[in-house]
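Asks: Residue strings, one per chain:
2 protein chains.
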Amino acid sequence: MRELGEFGLIARMNAGRGQAPNVVLGPGDDAAVIAAPAGRYVVSADMLMQDRHFRLDWSSPHEIGAKAIAQNAADIVAMGSAPSAFLVSLGCPAETTVDFIDGLVDGLWAEAGRAGGSIAGGDVVSAPLLVISVTAFGDPADRPPVLRSGARPGDLVAIAGRLGWSAAGLALLSAGIDPGRFPEIVAAHRVPRPPYESVLGLPRGAAVTAMTDVSDGLLADIGHIAESSGVAIDLDADAVRDPALDRAAKLMDADPLTWVLTGGEDHAFAATFAAGQHLPDGWTPIGRVEAGDGVTVNRRAWSGPVGWESFAGGG
Amino acid sequence: MRELGEFGLIARMNAGRGQAPNVVLGPGDDAAVIAAPAGRYVVSADMLMQDRHFRLDWSSPHEIGAKAIAQNAADIVAMGSAPSAFLVSLGCPAETTVDFIDGLVDGLWAEAGRAGGSIAGGDVVSAPLLVISVTAFGDPADRPPVLRSGARPGDLVAIAGRLGWSAAGLALLSAGIDPGRFPEIVAAHRVPRPPYESVLGLPRGAAVTAMTDVSDGLLADIGHIAESSGVAIDLDADAVRDPALDRAAKLMDADPLTWVLTGGEDHAFAATFAAGQHLPDGWTPIGRVEAGDGVTVNRRAWSGPVGWESFAGGG
Chain A
1 MRELGEFGLI ARMNAGRGQA PNVVLGPGDD AAVIAAPAGR YVVSADMLMQ
51 DRHFRLDWSS PHEIGAKAIA QNAADIVAMG SAPSAFLVSL GCPAETTVDF
101 IDGLVDGLWA EAGRAGGSIA GGDVVSAPLL VISVTAFGDP ADRPPVLRSG
151 ARPGDLVAIA GRLGWSAAGL ALLSAGIDPG RFPEIVAAHR VPRPPYESVL
201 GLPRGAAVTA MTDVSDGLLA DIGHIAESSG VAIDLDADAV RDPALDRAAK
251 LMDADPLTWV LTGGEDHAFA ATFAAGQHLP DGWTPIGRVE AGDGVTVNRR
301 AWSGPVGWES FAGGG
Chain B
1001 MRELGEFGLI ARMNAGRGQA PNVVLGPGDD AAVIAAPAGR YVVSADMLMQ
1051 DRHFRLDWSS PHEIGAKAIA QNAADIVAMG SAPSAFLVSL GCPAETTVDF
1101 IDGLVDGLWA EAGRAGGSIA GGDVVSAPLL VISVTAFGDP ADRPPVLRSG
1151 ARPGDLVAIA GRLGWSAAGL ALLSAGIDPG RFPEIVAAHR VPRPPYESVL
1201 GLPRGAAVTA MTDVSDGLLA DIGHIAESSG VAIDLDADAV RDPALDRAAK
1251 LMDADPLTWV LTGGEDHAFA ATFAAGQHLP DGWTPIGRVE AGDGVTVNRR
1301 AWSGPVGWES FAGGG
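Same order as they appear, the protein sequences are chains A and B.
The numbering of the first sequence is this note's numbering, which starts it at 1 and goes up by one.
The numbering of the second sequence is this note's numbering, which starts it at 1001 and goes up by one.
Hints listed in this document are in silico derivations from the structure and should not be mistaken for laboratory results.
Note that CB positions come from ideal geometry on N, CA and C, so glycine has one too.
Misleading hints may appear alongside valid ones.
[Unchecked claim] Just some of the chain A residues that point at chain B, by a computed CB distance under 8 angstroms:
{"#": "1", "residue": "G122"}
{"#": "2", "residue": "L173"}
{"#": "3", "residue": "I177"}
[Unchecked claim] Derived CB-CB ranges, DEER-like:
{"#": "4", "chain 1": "B", "residue 1": "E1006", "chain 2": "A", "residue 2": "A291", "range": "23 to 33 angstroms"}
{"#": "5", "chain 1": "A", "residue 1": "D142", "chain 2": "B", "residue 2": "A1301", "range": "53 to 63 angstroms"}
{"#": "6", "chain 1": "A", "residue 1": "D238", "chain 2": "B", "residue 2": "R1143", "range": "57 to 67 angstroms"}
{"#": "7", "chain 1": "B", "residue 1": "S1126", "chain 2": "A", "residue 2": "D236", "range": "50 to 60 angstroms"}
{"#": "8", "chain 1": "A", "residue 1": "V98", "chain 2": "B", "residue 2": "T1284", "range": "37 to 47 angstroms"}
{"#": "9", "chain 1": "A", "residue 1": "F7", "chain 2": "B", "residue 2": "A1301", "range": "13 to 23 angstroms"}
{"#": "10", "chain 1": "A", "residue 1": "R52", "chain 2": "B", "residue 2": "S1149", "range": "33 to 43 angstroms"}
{"#": "11", "chain 1": "A", "residue 1": "P285", "chain 2": "B", "residue 2": "D1099", "range": "24 to 34 angstroms"}
Take these sequences, add in the hints, and give me the full structure.
Replies: Rendered as structure tokens:
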């Protein structure tokens, strides 16, 4: 990094890369220009800090780059919008190797491509630790953005993607368990795999009334929908249970339901669908919207170890 | 900050603030929604790192916030676009005081308002030092973006705003000179004041062929225009000289022309105008575009102390 310099690093981030169709002007001028065919666009930003959001000894540079894009792309998709472009600002210690940067940049581009966008620009500055700040842009096409506030009593609550895997992977890594014993679970912690296509491929008629991505934990994020919509939500514990986590939970003497209900960073999508329709492919029913407030599990406030009380309302 | 928590801090950043007209949906959901009446939008990102881009003992929280927005807004305006919104991701030590945050947030909002936009969202994370990552969005209206690549031989080079003040202020602060002796110059370092209105108020007929903001230093940034446009540019030393810097330069035994030519962070605007037109209000002629390559000052390559050689071409 010290040898490469800021301009060399920026050039390296973009060499041989093709921009996504909506990127009218990519890196190289004072700013990038992006098309907004719908006359509006969707934006979200997240900052990842070394030793807090990732550890250099637990994740490869490629995984760190992919994770940074995935969690931002998930926010765009959770609005029902298609990711089109990303800006990446990188704070980087002078001793960072070129190999590390190449891996990180490959990871950024790989996940941007998986989400349907490209890296349209950014910034590189010297820093005492690695900081990755991503802004994601999305195109809502002709659909109104899907907010957290549209859930109505009677709606079905459904999920697309995995829950609790990232928390389980983190627990395994923290305990020093050989990652080779649970490769898929540990991989899920290193790089979330939001099922973008389950949202972006929704049939036009699908009556999604509210949506969010699960970044803070299912109960917390479903709680955001309940609060924004002014409704209560009851979840079915059996419907969210994932037997794939049982063996890891037994080894760790942990409760797998706690991982599923309170583990963040999986970036699954949680949505509510108007009653009476067939759920689209990729979506599993996990509960129901009711009048009232708060979130319950099997009609009871969750009393697990992760502060669930603060989210409980009158069920 | 530890007491406030992430959600408390985010709420504090937005309490009682009104969003700019183009912000369709502000903070509170997975993403913000911004109008793009022109069917496209302009985006730029910059990251500011404590002790590198600002010092807590030299700048107030308000000044740091204003500076973070100003340097991003300048990139949008340098494309000929009007700033509409900003996302701010903040990395913040746990011991940061609420007073500090309030000052910083006031500074962000004050400069966003001066530029014509609002803070439409962002992220807050815990960090070992203060990191401010801003993304700025702009509306090009019905004008094509003004690139760096449009300068043509015969064009006039002109500047709007101050040059060298930020570098002079930094030199004074670094030397421990009482800021009260040069309050305006030191203030210019603490908070750049890009003259947004000199660009956004340009008459429709103004034939601006290329533009950039002066962030890396006049010679470097004019060099970007020369290189992107495939032209040579000759600057007139007498035209860029600023007598207001002479007294500080004498005290510091420094060359004021070096501050003007190589000092960055003033975020003045440098542009080229098609020959034969009257320069609009706020713009001062400082040179001319010619065939060839490289940047010269009074027809000679600049041999000052800041590595100007790397930018010199055959003049």
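Asks: Is 57 to 67 angstroms respected by the C-beta to C-beta distance linking D238/A and R1143/B?
Replies: holds (59 angstroms)
Asks: Regarding P285/A and D1099/B, is the given constraint of 24 to 34 angstroms on their beta-carbon distance met?
Replies: Distance hint for P285/A, D1099/B is violated at roughly 48 angstroms.
Asks: For V98/A and T1284/B, compare the CB-CB distance with the range 37 to 47 angstroms and indicate the outcome.
Replies: 43 angstroms Cβ-Cβ, so the 37 to 47 angstroms window holds.
Asks: Holds or violated: the hint that G122/A contacts chain B, with Cβ atoms closer than 8 angstroms.
Replies: It holds, given that the least Cβ distance between G122/A and chain B is near 5 angstroms, below 8 angstroms.
Asks: Is it true that the C-beta distance of S1126/B to D236/A lies inside 50 to 60 angstroms, as the hint says?
Replies: violated (35 angstroms)
Asks: Any CB of chain B closer than 8 angstroms to the CB of L173/A?
Replies: violated (20 angstroms)
Asks: With 33 to 43 angstroms as the target window, see if R52/A and S1149/B comply at their CB atoms.
Replies: 41 angstroms Cβ-Cβ, so the 33 to 43 angstroms window holds.
Asks: Take the shortest C-beta to C-beta distance between I177/A and chain B; is it under 8 angstroms?
Replies: violated (26 angstroms)
Asks: Given a hint of 23 to 33 angstroms, does the C-beta separation of E1006/B and A291/A actually sit inside it?
Replies: Since the Cβ atoms of E1006/B and A291/A sit about 30 angstroms apart, the hinted range of 23 to 33 angstroms holds.
Asks: Between F7/A and A1301/B, does the C-beta distance stay in 13 to 23 angstroms?
Replies: holds (20 angstroms)
Asks: When you take the CB atoms of D142/A and A1301/B, is the distance between them in 53 to 63 angstroms?
Replies: holds (55 angstroms)
Hints 2, 3, 7, 11 from the earlier list are contradicted by this structure; the remaining hints agree with it.
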